[in-house]
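Based on the hints, put chains B, C, D, E and F in the right spot on chain A.
Number of protein chains: 6
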Amino acid sequence: MDTVYITRRERFNAAHRLWRSDWTEEKNDEVFGKCSNKNWHGHNYNIFVTVKGKPLPDTGFVIDLKLLSDIIKELVVEPLDHRNLNLDVPFLKDVMASTENVAIKVWEQIEGPIREAGGELVKIKLEETENNYVEYFGGKAPF
Amino acid sequence: MDTVYITRRERFNAAHRLWRSDWTEEKNDEVFGKCSNKNWHGHNYNIFVTVKGKPLPDTGFVIDLKLLSDIIKELVVEPLDHRNLNLDVPFLKDVMASTENVAIKVWEQIEGPIREAGGELVKIKLEETENNYVEYFGGKAPF
Amino acid sequence: MDTVYITRRERFNAAHRLWRSDWTEEKNDEVFGKCSNKNWHGHNYNIFVTVKGKPLPDTGFVIDLKLLSDIIKELVVEPLDHRNLNLDVPFLKDVMASTENVAIKVWEQIEGPIREAGGELVKIKLEETENNYVEYFGGKAPF
Amino acid sequence: MDTVYITRRERFNAAHRLWRSDWTEEKNDEVFGKCSNKNWHGHNYNIFVTVKGKPLPDTGFVIDLKLLSDIIKELVVEPLDHRNLNLDVPFLKDVMASTENVAIKVWEQIEGPIREAGGELVKIKLEETENNYVEYFGGKAPF
Amino acid sequence: MDTVYITRRERFNAAHRLWRSDWTEEKNDEVFGKCSNKNWHGHNYNIFVTVKGKPLPDTGFVIDLKLLSDIIKELVVEPLDHRNLNLDVPFLKDVMASTENVAIKVWEQIEGPIREAGGELVKIKLEETENNYVEYFGGKAPF
Amino acid sequence: MDTVYITRRERFNAAHRLWRSDWTEEKNDEVFGKCSNKNWHGHNYNIFVTVKGKPLPDTGFVIDLKLLSDIIKELVVEPLDHRNLNLDVPFLKDVMASTENVAIKVWEQIEGPIREAGGELVKIKLEETENNYVEYFGGKAPF
Chain A
649 MDTVYITRRE
659 RFNAAHRLWR
669 SDWTEEKNDE
679 VFGKCSNKNW
689 HGHNYNIFVT
699 VKGKPLPDTG
709 FVIDLKLLSD
719 IIKELVVEPL
729 DHRNLNLDVP
739 FLKDVMASTE
749 NVAIKVWEQI
759 EGPIREAGGE
769 LVKIKLEETE
779 NNYVEYFGGK
789 APF
Chain B
649 MDTVYITRRE
659 RFNAAHRLWR
669 SDWTEEKNDE
679 VFGKCSNKNW
689 HGHNYNIFVT
699 VKGKPLPDTG
709 FVIDLKLLSD
719 IIKELVVEPL
729 DHRNLNLDVP
739 FLKDVMASTE
749 NVAIKVWEQI
759 EGPIREAGGE
769 LVKIKLEETE
779 NNYVEYFGGK
789 APF
Chain C
649 MDTVYITRRE
659 RFNAAHRLWR
669 SDWTEEKNDE
679 VFGKCSNKNW
689 HGHNYNIFVT
699 VKGKPLPDTG
709 FVIDLKLLSD
719 IIKELVVEPL
729 DHRNLNLDVP
739 FLKDVMASTE
749 NVAIKVWEQI
759 EGPIREAGGE
769 LVKIKLEETE
779 NNYVEYFGGK
789 APF
Chain D
649 MDTVYITRRE
659 RFNAAHRLWR
669 SDWTEEKNDE
679 VFGKCSNKNW
689 HGHNYNIFVT
699 VKGKPLPDTG
709 FVIDLKLLSD
719 IIKELVVEPL
729 DHRNLNLDVP
739 FLKDVMASTE
749 NVAIKVWEQI
759 EGPIREAGGE
769 LVKIKLEETE
779 NNYVEYFGGK
789 APF
Chain E
649 MDTVYITRRE
659 RFNAAHRLWR
669 SDWTEEKNDE
679 VFGKCSNKNW
689 HGHNYNIFVT
699 VKGKPLPDTG
709 FVIDLKLLSD
719 IIKELVVEPL
729 DHRNLNLDVP
739 FLKDVMASTE
749 NVAIKVWEQI
759 EGPIREAGGE
769 LVKIKLEETE
779 NNYVEYFGGK
789 APF
Chain F
649 MDTVYITRRE
659 RFNAAHRLWR
669 SDWTEEKNDE
679 VFGKCSNKNW
689 HGHNYNIFVT
699 VKGKPLPDTG
709 FVIDLKLLSD
719 IIKELVVEPL
729 DHRNLNLDVP
739 FLKDVMASTE
749 NVAIKVWEQI
759 EGPIREAGGE
769 LVKIKLEETE
779 NNYVEYFGGK
789 APF
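Residue numbers (the numbering used here), protein chains in the order written: chain A, 649 to 791; chain B, 649 to 791; chain C, 649 to 791; chain D, 649 to 791; chain E, 649 to 791; chain F, 649 to 791.
Since the hints were made in silico from the structure, they are not lab data. As the structure is a prediction and not an experimental result, all values here were calculated from the model. Take these hints with a grain of salt, some might be off.
A pair counts as met if it fits within one copy or between any two copies, since identical chains are not told apart.
[To be verified] Heads up, simulated BS3-like pairs for lysine-lysine below, C-alpha to C-alpha not over 27 Å straight-line: (1) LYS741 / LYS714; (2) LYS773 / LYS675; (3) LYS686 / LYS700; (4) LYS682 / LYS721; (5) LYS741 / LYS675; (6) LYS702 / LYS714; (7) LYS721 / LYS741; (8) LYS741 / LYS788; (9) LYS721 / LYS753; (10) LYS773 / LYS788; (11) LYS700 / LYS788; (12) LYS675 / LYS702; (13) LYS753 / LYS741; (14) LYS741 / LYS686.
Chain A on its own, in the form it takes in the complex (with noise of 0.2 Å):
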């Protein structure tokens, strides 16, 4: 009767581009418009994580915000803040760095870890502009 979700808000500023290798600069930039700049655009990203679980006796926590904070921070916030999404992140080698995209790897990055820590990671929002964001439930579809 008592699972409740908490989310931890962590941010990092980064460059991105859309682009395609295997398409011409046409179809490039027919598709992806002014995303696809050869010299880079970038956005000021937020990241919310929310883990799953029931309050601690001890703690009144589902997991210590402190640690879930230093999860994000080392797996996330240190690889991407201040970085080239398509140039200097290994986990995204050979990813088109679409929101969604990034979304999906940024989870693959903390599902576990969040785990070892005793949380479940249920969901990440990532937030490119005030305007769009994407949410990302590990793939399930809860609506």
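Frame of chain A, contents of chains B, C, D, E and F only:
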């Protein structure tokens, strides 16, 4: 394993009132209070439209955000922005202009066009003020 | 050495239009565009009222925020919230309801009462949307 | 086909600490860090209360927002605002004042009164800072 | 021709109360209302620190933001975050913990160190809630 | 007695880096840290443009916001949005792309056109992240 939800926000500023012509002025005032002011009032509305799907292999997109934005702008912002929700909007004719009802009617306008564009509309969030908003999942009740 | 500025925010939701009865409909449309819609539109307005002074020795207050809030609520929120700025507001009668003019007229309403309450009104900021606002310093031009 | 979710936000500012009297000061400090400060700290809390239902034919409302706001103000804001969550709140007595637990206890306070008012409470979101919040669905786990 | 103002925001969460020990409880309650609660309440404070200067030719910086952030963190966030403003802070001892007074005292803490770091502190904005904040210009009155 | 300030916000998303080619990589890293990443990073920038004037008798406008928006979009958003500030922008050529310098250069682009449109540009606020922004008054120092 890779269902992702993507959300686009658009905005419109509109006038409206809550009023039933089959009720007396006293009854309207009793039920709707200041929201029934005969000379109207208005809001800056935020609409968040969520589409579900799997990122396309070529683009990493669930749906092209430009396309989604264009659909919302044509079918929601154009008819509602700087309009009177009670008087100016064909698809709101004879509808009580509550936030709930506007959300339902907006769903009916964009569900088909989003489907034709290859997306699956799963949620509309309509924010009337910083203190209240409604969410509509096409009638489904995920929680 | 201890002049401090304190600001209180209040909110009101109102309808209005930009329209001159001495202009043709074409001229109104040309100058004011969709803002001239004869059936009105509306906004969630934020008003920020700034008072200058020295913190009182007993309380550490420039002005009691409860008192400042009460003045704004009585003289601004009560007459403007859920109203039509063009039709319902005695102190805006025959005033073009631009954000600029509303700010000036609001100043005239509250400057005296704030002075009587021991405060010095120095600025009104009136926000019409997340993308535009006006500031009025009682006609002064500090920059 | 017309289930809609409506959410009302209210706010309260409170002091609290995370502390177990059956633990040593060292243990408290080790687990709760600066949150265990014996002289308290505090937050501006945002509470978002979500009610599910079908819009009523007469009003287009799932629930009258004024009524929902009054319930939250009487049962949550009044007892928590400008209070100490550990010392001043009967319904939080002997409860570790984590955000998770406060959300659960707030649910217990308002679920019945909202039901009596004709609404079905389905979610409480309690925001402690801009970087963390919890969500509680009455113990259910929709995702 | 190139004076620029740069602002850094930091945050701290603290408890406080407004209370005079030389007043009766009744007088305190009459003047400070719920802010005088003997068991404290608290806020998420935002502090915005503004430094004026000419961008340095080498870096284009008025001041290194990392350096400015470090000064604020050491001299403001460290002593105030997760503290009781009335009890825990040496530089607020015997000071009525109004937002106005906290801003003035924070200025005194950081003005010198910022000057030593090559910057000129010109403004502190201290936000207590989304509805009120104070600004302090070192006692100057620019408007 | 009726000088009013009106502000319009626009947004652009761009990549940049802080880097001096006449410095070694070590020196760049020492001074600029992660901001010197050779593969760039990026931000969602908010630009607020403030124009001063007296409301025109006919319109109540200091300046037509549509006109002001068009000037900013043509001269700032178009050249900066989805661009690399170091590589793609003629008016930033050979300029260290600090927020301070970008603000100054943006002023130079729009001051004349705003004057020709009948307005007096008095302030640019350029926000790089939620934690830092610069303000530029054309070199003046109002406080």
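Right, here's what the structure says about each hint:
Taking the shortest alpha-carbon separations for LYS741 and LYS714, only the inter-copy value of 26 Å comes in at or below 27 Å, while the best intra-copy value is 29 Å. Taking the shortest Cα distances, LYS773 and LYS675 never come within 27 Å of each other, neither inside one copy (30 Å) nor across copies (34 Å). Proximity of LYS686 and LYS700 under a CA criterion of 27 Å is satisfied in neither setting, with 41 Å inside one chain copy and 29 Å between copies. In this homomeric assembly, LYS682 and LYS721 come within 27 Å of each other (Cα to Cα) only across copies, at 15 Å, whereas the closest approach inside a single copy is 30 Å.
For the identical chains of this complex, LYS741 and LYS675 are intra-copy neighbours only, at 22 Å inside a copy versus 29 Å across copies, given an alpha-carbon limit of 27 Å. Taking the closest pair of Cα atoms, LYS702 and LYS714 come within 27 Å of each other only inside a single copy of the chain (17 Å); across copies the shortest separation is 33 Å, beyond that limit. In this assembly of identical chains, the alpha carbons of LYS721 and LYS741 lie at most 27 Å apart only when taken from the same copy (20 Å versus 35 Å across copies). Taking the shortest Cα distances, LYS741 and LYS788 sit within 27 Å of each other inside one copy (24 Å), while across copies they are farther apart (38 Å).
In this assembly of identical chains, LYS721 and LYS753 lie within 27 Å of each other by CA distance solely inside one copy; the values are 15 Å within and 31 Å between copies. For the identical chains of this complex, LYS773 and LYS788 are neighbours both inside a copy (14 Å) and across copies (21 Å), given an alpha-carbon limit of 27 Å. In this homomeric assembly, LYS700 and LYS788 come within 27 Å of each other (Cα to Cα) both inside a single copy, at 14 Å, and across copies, at 11 Å. For the homomeric pair LYS675 and LYS702, the shortest alpha-carbon distance between copies (22 Å) is at most 27 Å, but the shortest distance inside one copy (50 Å) is not.
In this assembly of identical chains, the alpha carbons of LYS753 and LYS741 lie at most 27 Å apart only when taken from the same copy (10 Å versus 36 Å across copies). Taking CA atoms no more than 27 Å apart as the test, LYS741 paired with LYS686 passes in both settings, with 17 Å inside one copy and 17 Å between copies.
Of the hints listed earlier, those the structure fails to meet are numbers 2 and 3, in rising order.
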